[in-house]
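Please build the complete structure, drawing on both the sequences and the hints.
Number of protein chains: 2
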Amino acid sequence: MELSATAKVILGMLAARPRSGYEIKQLVDNSTRFFWAASYGQIYPELKRLAEAGLIEGSDASQGARQRTVHRLTAKGKRAVREWIESPPDVFELRDEGLLKLFFAGSADPGRAAEIARERAAHSAGIATRLTELAAERDSGAAEGPPFSVDQPSTTVLRYGIEMNEWIAGWFERAAQDLERGSAKPKGLAAAGRRK
Amino acid sequence: MELSATAKVILGMLAARPRSGYEIKQLVDNSTRFFWAASYGQIYPELKRLAEAGLIEGSDASQGARQRTVHRLTAKGKRAVREWIESPPDVFELRDEGLLKLFFAGSADPGRAAEIARERAAHSAGIATRLTELAAERDSGAAEGPPFSVDQPSTTVLRYGIEMNEWIAGWFERAAQDLERGSAKPKGLAAAGRRK
DNA sequence: TTAAGCATGTAAGGTGTTACATGATTGA
DNA sequence: TCAATCATGTAACACCTTACATGCTTAA
Numbered sequence: 001m002e003l004s005a006t007a008k009v010i011l012g013m014l015a016a017r018p019r020s021g022y023e024i025k026q027l028v029d030n031s032t033r034f035f036w037a038a039s040y041g042q043i044y045p046e047l048k049r050l051a052e053a054g055l056i057e058g059s060d061a062s063q064g065a066r067q068r069t070v071h072r073l074t075a076k077g078k079r080a081v082r083e084w085i086e087s088p089p090d091v092f093e094l095r096d097e098g099l100l101k102l103f104f105a106g107s108a109d110p111g112r113a114a115e116i117a118r119e120r121a122a123h124s125a126g127i128a129t130r131l132t133e134l135a136a137e138r139d140s141g142a143a144e145g146p147p148f149s150v151d152q153p154s155t156t157v158l159r160y161g162i163e164m165n166e167w168i169a170g171w172f173e174r175a176a177q178d179l180e181r182g183s184a185k186p187k188g189l190a191a192a193g194r195r196k
Numbered sequence: 001m002e003l004s005a006t007a008k009v010i011l012g013m014l015a016a017r018p019r020s021g022y023e024i025k026q027l028v029d030n031s032t033r034f035f036w037a038a039s040y041g042q043i044y045p046e047l048k049r050l051a052e053a054g055l056i057e058g059s060d061a062s063q064g065a066r067q068r069t070v071h072r073l074t075a076k077g078k079r080a081v082r083e084w085i086e087s088p089p090d091v092f093e094l095r096d097e098g099l100l101k102l103f104f105a106g107s108a109d110p111g112r113a114a115e116i117a118r119e120r121a122a123h124s125a126g127i128a129t130r131l132t133e134l135a136a137e138r139d140s141g142a143a144e145g146p147p148f149s150v151d152q153p154s155t156t157v158l159r160y161g162i163e164m165n166e167w168i169a170g171w172f173e174r175a176a177q178d179l180e181r182g183s184a185k186p187k188g189l190a191a192a193g194r195r196k
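Residue numbers (this note's numbering), protein chains in the order written: chain A, 1 to 196; chain B, 1 to 196.
It cannot be assumed that every hint is accurate.
[Claimed, not checked] Stretch by stretch, here's where chain A covers chain B in the computed footprint (C-beta under 8 Å, at least three residues):
hint: 1; stretch: 3 to 12
hint: 2; stretch: 23 to 30
hint: 3; stretch: 34 to 43
hint: 4; stretch: 86 to 92
hint: 5; stretch: 107 to 117
hint: 6; stretch: 161 to 169
For the record, the hints were derived by calculation from the structure and aren't laboratory data.
Glycine included, each C-beta is placed from N, C-alpha and C at the ideal position.
Pasting the structure below:
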């Protein structure tokens, strides 16, 4: 049973407790969004497929005239999540436009390379700040939230986001300094165009 | 003029010098692949579109009966690359299955969380090693290669790949230690299922 | 009463990979 | 001669986002 990307996040979210499609979407946006996103256009059709495959089952939870279906894992579904969690991680994808620009800066716009690196650093620093605020907000308002669970972005994973962005900011900052100091030793970035 | 992801990498590659579609693909696989991939199924149609838009032009470079077209930037194309490089970086996408598994380990398979983190660490450590070997190989064989240019994976960018993977390995290693030591203070990872 | 949020879903369109199809050239 | 590599391209399919469509409920 090959699980699609969306199936993985749905099944994982349902492992803690049954939820509606809407709730799954909110949770994704609040937690895994930075490293594993999903949209309604993926979630609802995938819920249907998972039900057909017998991994989840829906039960009606309408309130009055507002329809609502909560989905829960079947025994087969629980087995599938466990198997997936056991299996070695494979997907790791990265798409970083700042890095691509830096890569080309040498041939397309040599003078600006350091500036580009600095902009990219600022961008990641900004994200780190936003995430730090979010974490602080979350920690202080903890009194009224539910107890720790997948319902809240895991502290550990949030910290990953913060620390990774800090690391990236630091790296690009150092790269900018290297580029400014040593225009003489271009490290492969500013040297294109020399060939012919 | 909105540039597609593939257009960006093609234009960037052509900024250094004219190349065939085949050469562009080889270069991508040798350099930007880790943070900006492209396949033939994207490259050839995109070359056609870019030519129609007047950003590049092809000239015949067939050798005997083997057809070959090299593409070069037009004045308009050069302007487009420069504009793109000037513009603030936006795309940053990450998809990390190991992190997702760790996120769910608490509710799906609590006992294995530390192990999962350790596997993920080993995976990134392995990539870092491979990249380090690649860099060493490249540095030693430098005598017979062409001089530095976009034709070779930039040292700076290669270093990024190495250092980032080392950072990731370190982070997951620390996470594994936290999980082993403090089963008592689960940091949001092993606590799901408590609600109800 | 009206806006915000809950809730489900589809259609269109873009992005991207894989596999296939074709054929030439080069070096072992 | 045979495999590897050069070289171009398409078709099928999967993936994913955005925008739209619909309608209920709750709180201001």
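Taking the hints in turn, this is what the structure says about them:
Under a criterion of three residues with beta carbons nearer than 8 Å to beta carbons of chain A, the stated coverage of the stretch 3 to 12 of chain B is upheld, 4 such residues being counted. Coverage of the stretch 23 to 30 of chain B by chain A is violated. Counting CB-CB distances below 8 Å, 0 residues qualify, and the rule asks for three or more. Under a criterion of three residues with beta carbons nearer than 8 Å to beta carbons of chain A, the stated coverage of the stretch 34 to 43 of chain B is upheld, 3 such residues being counted. Restraint check on the stretch 86 to 92 of chain B versus chain A: 6 residues with Cβ-Cβ distances below 8 Å, three needed, restraint holds.
With 5 residues carrying a beta carbon less than 8 Å from a beta carbon of chain A, the stretch 107 to 117 of chain B meets the three-residue requirement, and the given coverage holds. Restraint check on the stretch 161 to 169 of chain B versus chain A: 4 residues with Cβ-Cβ distances below 8 Å, three needed, restraint holds.
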